[in-house]
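K.L.:
Sequences listed follow chains Z and D, in order. Quick note on numbering: this note's numbering labels position 231 of the first sequence as 231, and the sequence is numbered without any gaps. Quick note on numbering: this note's numbering labels position 418 of the second sequence as 418, and the sequence is numbered without any gaps.
One or more of the hints may lead you astray.
[To be verified] Heads up, simulated BS3-like pairs for lysine-lysine below, C-alpha to C-alpha not over 30 Å straight-line: (1) Lys258/Z - Lys19/D; (2) Lys264/Z - Lys565/D; (3) Lys191/Z - Lys736/D; (4) Lys172/Z - Lys1055/D; (5) Lys865/D - Lys246/Z; (6) Lys154/Z - Lys601/D; (7) Lys19/D - Lys78/Z; (8) Lys743/D - Lys217/Z; (9) Lys92/D - Lys255/Z; (10) Lys236/Z - Lys1055/D; (11) Lys84/Z - Lys856/D; (12) Lys671/D - Lys568/D.
Please keep in mind that the hints were generated in silico from the structure rather than gathered at the bench. Note that the structure is predicted; figures quoted are calculated from it, not measured.
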Amino acid sequence: MPENDKDETYIRTCLVKLGDVNHTLFLKRYKCSNEDDEVLQQNPTLMVLNVPSYCEKKNVRQWFEDCGKILSIHAQNKPGNIVKPKNTSTYFPYTSSHGFQVFYVTFQSHEALSDALHKESVEIMECDHSNEIFHTGITKWCYDYVQSFPDREKLQAEIDRFMNAYDTKTVKEEEDERENDGIPDEEGWIKVTRRGNNPGLSRTELNDFKLKQKIKKRKKDQVTLHSYSYQIRESKRAKIVELRNKFEEDKVKIKAMKNARKFKPFG
Amino acid sequence: MQTGLQITETLKEVSISAKRQKEIDSFLHSLHDELLKIPDSSNEPLNSLSWLPPEVCLPFVCTPLKVKGNMQYFPPSDIQVIGSYQLQTCLKEGANVDLLLKIPKACMQAKDHLNQRYFRKRAAYLAHVGYYMSMNNLVSEVKFCYFTDDTLKPIVCITPSGSLCKFLTVKIHACPDEDSIKHARLHPLKSNVRKTWYDGIKCAEADERSLAPTPHYNSAILADLLMDSHLQHLHTTLKDCHGYIDAIKLLKVWLRQRELDQGYGSFSGFLISMVVALLSSLNKINKAMSSYQVVRNTFQYLATTDWSLKGGEWQNCDYVNVFHDHYEVVFIDPCGKLNLCANMSTLLYHQVRHEAELSLKALDFSQSGFNAVFMQSVPFLQKFDYLFQISKASAFQNACDKLDISDRVMDHGSNCITSSLPSIGRVLIKGLGDRIHLLGIKPHKYKAWKINDSPPTWKKTESNVTFGILLNASHAFDVLNKGPSADSEEAKSFREFWGDCSDLRRFKDGSICEAVFWKGEDASARRNIPLRVCKHILSRHCNISPSSFSFAATQLDMFLSFPLKPLKNGVTIGYNGTGEERSSEIMLAYNNLCEDLRSLKSLPLSITNLQGISPVLRFTEVIPPSCCQPNGKNPTISVNEEQIQVPVPDKSCPNFYPPIEVLCHMEGSGKWPQDVDALQRLKAAFHIAMADELKSNNEEIVCMPYQTYVDVLKDGYVFRVCVAYHREIGVLQTQKNKDGMVKIRNTSQSLALEKQTVYLPHLSSTIHGLCQKIPSYGLTCRLAKRWISSHLLSRQISTEAIELLVAFLFTDPQPYTVPSSAQSGFLRFLHLLATYDFASNSVIVDVNGSLTDEEKETITSHVSKHRDTLPAMCIMTPKDKMRSLWTSSGPSKLILRRLKDLAKIYQSLLEGKLFSTYMELKPVFTPSMTAYDVLIHLKSQWLPRRHESVSQVQNSMSSKHRAIADVTFDLRILPVVNFDPVQMYLDELEKSFSELAMFFYDSYGGSVIGVLWRVPEFQPKPFKISSVSGKMLNSEGKVVPNVEAIIEDFKTMGKGLVHSLDIRPDKWNI
């Protein structure tokens, strides 16, 4: 379906009535460039732009349910590639600012996607009091307040778990380094680390810079000092020139101030 | 910057151009001819003066009415240009030319110097001139005014017609020949106003009293007679000497900037010229000197001499002591006969000395000295900490009666103001003692009046006599005036002076002394003590009742008050006075908490530093938080074995308890992980451990650990302790590139953390130090914040930025001194906002004086070089010389401009109402809502801070509810902390719509959110996938904001909080 295909790359709009007013959603077919994600690669995905912050997955699901079976829904802040947060901790979630959202709705069939793309407006069931379906305002803030208290025990348990994993990881890395210390790799290079018998300087920008400065200074020291009278005379002359320049600069400054009417005492 | 260049430029600006001068000269020539054409009049008795036409009223208040003598007008024997125009020292601004008409001998009679005859003749002479000039078409307007605001000396003011009319006024003086009255008769000891004439008493026994000396009257006549010779003297001194002439111009600018050359007995341009002439004859300056050197030497002379003790004089005058006996300030003229400062009050004179001293220091020590001395105005209202004025003229009458100075009243031509002022000043100075550094005075002034109006009497001044108090911060608010010991001689006079309020008191050292006790329970009451002293003294010694004068001093304090108030849910909020005591209480609780934290044993690492970073811990919180009390209406739940209260949607909003933030730096160790996620968890573990041990040490404490902080309820206040580790910034900054090179780069996270854990604590301790040193700093800061917030800008400018701006006023107060009251500080803050050139300069705040001049120079050049990338308002500190951290997120250029406009409007509004009650000052803190496109009105029951709003400011800092606060509460329930739905709502709105709109709100209990569309965003734009938020397609296929939907979202997102929306589509055109 070449024609349809072309269609699908276009942006389409779809109206949805939130509250008493129509909001515009922008729909587009999402092409996944990330080859690792098989689900997204194989299944047609709809990108829904301009979804207000208070809409949740369940709302979006409801809007597009009638087009076909929905496999998954993902939400994020910015359009583009889907970035799934790496950590899934309950107490240290991956947080980002929450404004308008982009939803990615993955359908099972291409027909469903095509249906969804051709939707011009979303019907909201009569039985929903449109105001009540969103979790916003005072109710939300009160709920959030109560939710903000972490359970001490569970929090501690999670911390312990994470720290143990982290500790074993660092210990292992250290051991690896120690084991490989001084042992050349396949091409014969030896990795210098900060540990071991012969620790190297850490490769930071600062150290790099210091090294370069040192070389520069060495070069500079090799040049002899001004000792001839003509050299002294010249340096004096240079000083006078500098003074003159300063005077000129001040003059320019004054002129600027004059233009800015800075010398009007009663202004 | 080259001072020389600055001076040249300034002189160019203030001098009259050669072209103008020519114009003026030609006008004066034609005026001269016209003046000579005025016809003679018939000879009539001075009482009737029937030849004066009915269109002109004699510009002289005749008390008593009758006087002997005849008067006839003859044309002047000579017309001269005198004064500054003649001497080339005239300033362009408000230029005036003085013309002197010589009254011919034929007009004068013998004994004209007696009983105001001379003054009345002079007035009649000028009235005649004024009348004929008003019919001349060279002239657009003729008015009378009082020369140097002395009611004895009216003069004619002429506004020329034509191009000069806006530029110039010509003042016409009249005086007889120098020898027409014998100078010896005008010696200060001589009596020239007869009591018999003045009072109308005819009996002979009054003779003794009727010869009371009339020094003021005499000097007024003598000044007229010597006018010519003084001019001659100045002329010879200044002739061909540009250094002197330029210096006089600069000094006149200096005087005018300080308002010292205005009103009765002012330090006029003539006087300062005479000072320069005196210095020249004393060889303190010479003709080879530059204008700068002359100015400096003049300041030096003014600052180091005291004319009230030893008068300024050319040659030794034999009877200088006589002068000192009769005048407050003595500056004898070149011929040794006249006191040039006869009218000047000591108060004004000391003000001049004080300013000279300040200016001298500014020129010597500071880079921007020139600006401070000559370019910046120093208005009286901003200069002094407290102001008060005697607004009813009758008060002066009472004062004269009480002081028993009828002779002096006669001497001053029955002007009660001028005759009683010296005495009033003296008792005030004595009563205020070391509470003040300086008592300044802004003398009264009269308006010019039309020639057919009757002249204003002394009761009808244009501006009232205003006193200004420069407080001595270390003693100003002492509750005790300690007097001499009970058995000493002085005890009686002390008692006499203070009256009934003086008691005998026993002091700690065992001495028993007379003392006056001024009750002052809290800091805000103590700030009123100097005023109460003034009231007491004036009513006791001058019979001036408190109702006849008005103050401008502590009214603004009311806007920092939050009177105790019991609420329906059983909670009492608020504090006494202006809450300094509350802040100290919190400070105490904080110190206790720090002790508890430091004594924790089970933590694996020790605490290296505890730093409070909330404004309340540096005394700059507008409304210090109330003591926590559980309220009866919110449900309590149990979490982590603690009782906590939670908000519920269908109940009303819980009270607002902001947490007081404390930063807890932990010791460094190799054990700290070098990974962001691990660091986060480790800090959380610390919070849990802290909470556990605090709880086990003290059952009374409530602790609630969170991931990023732990809340501790201690002594009734909630503290939020946050663990910090100094290397974390480094961890956040560290990036490794592909070949393994480690780079240190700032990221937004590292910057935020650095700001929070390095710069904020430093700022906090610096500001805390400043508050301790200068108590008025905290008050000013709070007022400034309140004002900015009340105009809905609290989210646009950070509280730290405001603190730094105010700190700038206190650390770099030139041309003023450090303000000692919130009022002067606040006025100067508004002035700073309104006038500072933020676009090209940065504000360098150097609280501890640690920056050298070179460093300041580098900052300035850095700012001018990188102006475009730096924030609109740059505030640099010694810790932050390059980035202006505290203004990086605002104010934007737009907001800055709004701030500037608001400051300008409200400064003048405030200055106009300064002397009224604080209720009338409320408009200063009331925002204008006209600018906004949408107003979101909020439901007041969900505004936890509604009681803090300006509209709630009560009639008095009521003491009604004071008794309630003593009830004890169960302090083991954690109340709802930091729950302010409006802030959460605003955060959400900003996250969604910050690209399309700006939101304005008053954090202190505002009930309205103002929304302003960002107009450029409303242009239709081609579709771009990255910017579609809140938009829709228009008919042309371009995207525009979907205003209806956005407004609907405002409602949806604020469900339960939003009351109504006020949409003003007529304001925007989309």
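K.L.:
Decide, hint by hint, whether the structure agrees.
P.N.:
The hints, checked one at a time:
no., hint, verdict
1, Lys258/Z - Lys19/D, "holds, 21 Å"
2, Lys264/Z - Lys565/D, "violated, 52 Å"
3, Lys191/Z - Lys736/D, "holds, 17 Å"
4, Lys172/Z - Lys1055/D, "violated, 53 Å"
5, Lys865/D - Lys246/Z, "holds, 17 Å"
6, Lys154/Z - Lys601/D, "holds, 24 Å"
7, Lys19/D - Lys78/Z, "violated, 68 Å"
8, Lys743/D - Lys217/Z, "holds, 24 Å"
9, Lys92/D - Lys255/Z, "holds, 21 Å"
10, Lys236/Z - Lys1055/D, "violated, 76 Å"
11, Lys84/Z - Lys856/D, "violated, 49 Å"
12, Lys671/D - Lys568/D, "violated, 53 Å"
Of the numbered hints listed earlier, those contradicted by the structure are 2, 4, 7, 10, 11 and 12.
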